[in-house]
Amino acid sequence: MADYTIKVRRFQPESGEGPYWEEFNVDLDPSLSVLDGLLQAKDRDDGSLAVRCSCRAAICGSCGMKVNGQSTLGCKTQIGEAQEQADKMVGAAGVSAAVADSPIRGEGSDLGSAGNPIVIEPMGNMPVIKDLITDMESTHWTKIRRVTPWLLPHGEPPEREYVVEPESMIDITQSMACIQCGACVSSCLSMEADPGFIGPAALAKAYRFVGDPRDAETHERLHDLADDPHGIYDCTHCFSCIDACPKGVAPMDQIMRLRRKAGEEGIEDPNAGHDHEIAFVKVIEKKGLLDEALLVQESYAPGIKGKLKPSKRGLTETIKSLPTILRPLRKRKVKLRQAIPGLHHGLPKEAMGDVKSIYAHAEEHSEELNLYIRGEEGDDAQPDGAAAEEVTND
Amino acid sequence: MTENIKVAYWPGCVSRGFTPELHGSMAIVAEKLGWELVELDRANCCGAGVIAEHNQELADTLNARTFALAQQTGLAMMNICSTCQGAQSECQQRLDADSAYRAHINETLSGQGLAYEKGKDGFTNKNFLWLLVEDYGLDRLKEQVVRPLSGLRVGPFYGCYIVRPKERLGYGEFPDRDVYLEQVIEALGGTVVEYDGARKCCGFPVVTMNRDTSLRQAGTHVGDAIDAGADCLVTPCPLCHLNLDMQQPEAAKVVNRDLGLAVLHLPQLVGLALGAEPKDLGMGKHIASTRWVEERLTAGAPA
Ligand code: SF4
Ligand code: SF4
Ligand code: FES
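Line by line, the protein sequences give chains Z and H. So for the first sequence, the numbering used here puts the first residue at 752; every next one is plus one. So for the second sequence, the numbering used here puts the first residue at 118; every next one is plus one.
I should point out that these hints are in silico values taken from the structure, not numbers from a laboratory. Ideal Cβ placement from N, Cα and C applies to all residues, glycine included. A few of these clues could be false.
As the list claims (entries may be wrong) - Over 10 Å on every C-beta distance to chain H, these chain Z residues come out as not near it, computed from the model:
(1) Gly767
(2) Val802
(3) Arg803
(4) Asp945
(5) Tyr984
(6) Glu1043
(7) Lys1084
(8) Glu1118
(9) Leu1120
Stated by the list, open to error - Calculated cross-link-like contacts (lysine-lysine; reagent style BS3-like; alpha-carbon spacing at most 30 Å):
(10) Lys1037(Z) with Lys998(Z)
(11) Lys259(H) with Lys1082(Z)
(12) Lys1033(Z) with Lys1100(Z)
(13) Lys259(H) with Lys1107(Z)
(14) Lys1082(Z) with Lys123(H)
(15) Lys1038(Z) with Lys998(Z)
(16) Lys396(H) with Lys1100(Z)
(17) Lys1012(Z) with Lys998(Z)
(18) Lys839(Z) with Lys370(H)
(19) Lys235(H) with Lys259(H)
(20) Lys1038(Z) with Lys370(H)
(21) Lys793(Z) with Lys1100(Z)
(22) Lys402(H) with Lys839(Z)
(23) Lys1100(Z) with Lys259(H)
(24) Lys259(H) with Lys1038(Z)
(25) Lys1082(Z) with Lys402(H)
(26) Lys149(H) with Lys1071(Z)
(27) Lys1107(Z) with Lys1037(Z)
(28) Lys370(H) with Lys149(H)
(29) Lys237(H) with Lys839(Z)
(30) Lys1037(Z) with Lys827(Z)
(31) Lys1037(Z) with Lys396(H)
(32) Lys237(H) with Lys1086(Z)
(33) Lys1012(Z) with Lys370(H)
(34) Lys1071(Z) with Lys283(H)
(35) Lys235(H) with Lys1107(Z)
(36) Lys1082(Z) with Lys149(H)
(37) Lys123(H) with Lys998(Z)
(38) Lys402(H) with Lys998(Z)
(39) Lys235(H) with Lys1086(Z)
(40) Lys998(Z) with Lys1033(Z)
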């Protein structure tokens, strides 16, 4: 048993007051969970402390919350580990600055174990109903429904169940592992800046149906998600949802797969996300290194191959980006040849030959290795010399 | 550790493109620290996650080529960009995870006389920040400081790719990698400023796709740091630098407030403390003025 101080961000709507911090002293084994700590405080100190939970075993998805700023499940986070994390953080870094200095009620921080208190907040990107209970309807469930989260098969339903090859379902097992806890939504940094973003949980769910062999509306789904300016091209690739997810769903990876599939289907989106991706890939194929000016031009007005064909949005965006290009020129930060698309230096010739041969090979195969499905070999796997032999042997 | 640092150095694209002051300041700092950098001048772009989004195998092969070039030198590899770190670690994780996949990738490279071998000579690829703390050491760094950054209030800005996902980025072995910037700022004599954005996203990856979302992120973080009393930000990522510094006047319009906060590359901050001249570190090339930082330092320094 050990003593811990938990510092909870509380909000009691009926009091008419704003949110405030309250510290509780709890006493439990380090291997027990943060949720266990909260329930002990509720039991011993304050029955009005509101927290959602049910299974207490990372199955039901009820207890999403932020622990030391990290979105997670309260029942899956060991309190001992949370204490280590709290001690590591410099002061209250990672805690919402907006409430960091609101008044603390309760018994003060001189109680409990040494070190910083464990900071517990309700999930982010959602309205708070009471204490740690958030309104998941308005942000999470509405967005889940937005992606048509059911199967859309065509033709007459079979007499009994649909029969599919087990192998054809493996690809979507990762997105099927979702328990709808909302931790990823809570952590999403694009959603912080753009609340309209469809977001990680709903997009992971979308992939679950896009990748399902029984679904007949894959193309329509992809079109819908790419056409929405708050859709797949609104994710800023911040990895927050990957670290937040207690089930290894890696929503960001599912979003990247949706983008890849939309690209394969040749879907042009209003955000020019697909054009940007292709532009990047082509610039590296051409020069081996990034040419920023060429990338900007190509993203809006693709022309490396074929004629220049800027879209209307492309022209406006290029004009908007002009001040950004002109300022560094004025400061002599970049040279003129760097600001003119295509003049920037590339790799030496023989190195470019290497890059081109890699492109030729990989664009033909485009193999995907999903570690969630394939798993990692242990470190005791064959060292490289031996492994090469083994491959030729089998 | 006492031996001298010698590494195969991957400068990345942006440090030789739109943020040339990063490449220049790294060279100055390496010399002052006595590090030897063997530049990988034939290596290619890491793909910044975008190539992997398009075609994983392509990204993995391109980066396996870079690793193989580094392994030819027999040295560990160093990068100076959070995004290179993240994009390359992602590919390295897949290559290291599966010997058959690695063999398949190496087949493509074999025509170039190259092969990436897992764990050869203890191969690692570390950002300058990681190398500075883990291999060089904060104590040694402190000894080298000739112009302590006393009184300078610095906000750390990491860049997503160097803090997440933790499992891929070696946090199991090095759990403090997400507080190294704070440790370095303190070792250099500066004061750490706490603000909300230190480990958040600068917004750069979506700047061409959703300019408003992107610049709102950059503007919010810069604004939060100003409100917390920062004199400047410091970042190990040149792409973050583009959104936080080069786009700062545009970001100010989106968040509808005055900004104007200097954003330093990590080697620039280290270089200042090691006694290098701001001008030589390329600080005049920034969009947001760095004059305030320079004044702070020269005011505090003994003549
Ligand atoms: S990676 Fe994309 S979806 Fe995931 S948290 Fe970041 S912005 Fe949101
Ligand atoms: S993807 Fe993961 S974090 Fe997001 S709702 Fe599903 S289980 Fe929770
Ligand atoms: S209580 Fe069910 S997931 Fe935590």
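(request) Determine which of the earlier numbered hints do not hold for this structure and return their numbers in increasing order. (result) 4, 5, 6, 7, 8, 9, 10, 11, 13, 14, 15, 16, 18, 19, 20, 21, 22, 23, 24, 26, 28, 29, 30, 31, 32, 33, 34, 37, 38, 39, 40
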